[in-house]
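Participant: Sequence:
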Amino acid sequence: MQRLVYPICALIFSGVFSVMFFGAPSGDLMALYMAGTAVSAGLPDALYALPLDGLNDAARAPFLYPPIWAWLIAPVTQAVSFEAFANTLLVLQVVMLAVSVGLAWKVVRPPHMELAHFVLVSFAMLAVSAPVFQALGANQPQIISLFLVLLAFERYRAQSFAMAGVILAVAAAFKLAPLFLVLIFLLERNWRAAGAFMATGAALAAMSVALAGWALHARFLERVSFIDNQIILDTTNYAPEVLLYQLQALASGQATGWSLSETLTVAEPFWLSTLMAALMLAALAALILMRPRLIPGTAVPVLLMGFALATALFGPASWGFYFVLPTLLLPTLFHILPRLTAWRWIIALGLLQSFPAYLIYFEMSEALYVTTLMGVLCFGGLLLALVLSVFRAVRFEPDVPLHFR
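Numbering (the working numbering), first residue to last: 881 to 1285.
Worth double-checking, as some hints may not be accurate.
Claimed, not checked - Pairwise CB distance ranges, derived in the manner of DEER restraints:
#: 1; residue 1: 1157; residue 2: 1257; range: 18 to 28 Å
#: 2; residue 1: 952; residue 2: 1071; range: 25 to 35 Å
#: 3; residue 1: 960; residue 2: 1083; range: 20 to 30 Å
#: 4; residue 1: 1268; residue 2: 926; range: 45 to 55 Å
#: 5; residue 1: 1131; residue 2: 995; range: 47 to 57 Å
I should point out that these hints are in silico values taken from the structure, not numbers from a laboratory. Backbone N, C-alpha and C fix where the C-beta goes; we use that ideal spot for every residue, glycine too.
Construct the entire structure; sequences and hints are all you get.
Facilitator: What follows is the structure, given as structure tokens:
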């Protein structure tokens, strides 16, 4: 019977959520489709023509992907309508989320936890999670990225190292954040996986430049740099910089209430960009220093969860749907925390980051985005707990838990 738990849960989840979000508008998919249409019409200069004033618009968004994807999607735009394209991709992405639960199980392999329990916990989290609702509500291609990341590390754990590097490189070519995950290969001193990643990444970059030319890539990098230097004020942006900016505005008496219905951008002050860069470097340094303290079987899931949290929190934007991957990896806590403490974290995050809770936070947001506040507290706190648990465990040798050196 336990063998049937996963397929039954996967089928129920896929069916319910495909119907629930069928036809959902997607600004990012529309931007991707229109970019492919422009290429197929011989107008590649139109790829980055849309101004950066619709960063989270459900129906309209700028194209923020590397140019290669416009060329790859161009034949599709000639064959199907946008509605057919978006709805097909929605169903595929719901299925990818369901499959990702199995991939996460193979990556995490939590001690003293059976597959059936892992499946029930994971699908329960997915079914109520605000980040999942945000991802599917926007039919967000980020789901493809997290699926590829989990597939890469599932292959890595299966000792198919070259394939892991190849898949991770494809994920990084689609969304830039997985680029940091190659550090796990380097920390593991797995030169085969790292080499495959570098070779595939170089091949994709060369192909992209050959197809689109350097000028379009320069414009793409300019857009990424521009966004990195902006504070994106939105209730679904869980960036610490948004919280700090609003707190500073409140303290100085400049805050008069923020828009809850549209996305606003302001130039990031120098003090805040410096602080965010320092926090990002500190998080990466802590994760790198963690590796020697972890046995090999524990290191990969712990580092993957840590890097996923750090890049989501301190990237150019910290949209809520970036935290679907850490949500799927939550059972990693059983590797490094006492069992009861790990369960408390999982239950607390499940409740605090549920969609009903998000709606309550949204109603409370006025002078301060409570949605952002809770996102930073939950996921920033989780990253801090992850790091501190590892360093605390090795401080009192020889009473080091089994999963630490």
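Participant: All the hints need checking, so say for each whether the structure fits it.
Facilitator: Hint check results:
no.	hint	verdict
1	1157 to 1257: 18 to 28 Å	holds (22 Å)
2	952 to 1071: 25 to 35 Å	holds (30 Å)
3	960 to 1083: 20 to 30 Å	holds (28 Å)
4	1268 to 926: 45 to 55 Å	holds (49 Å)
5	1131 to 995: 47 to 57 Å	holds (50 Å)
Violated hints for the displayed structure: none, as all numbered hints are satisfied.
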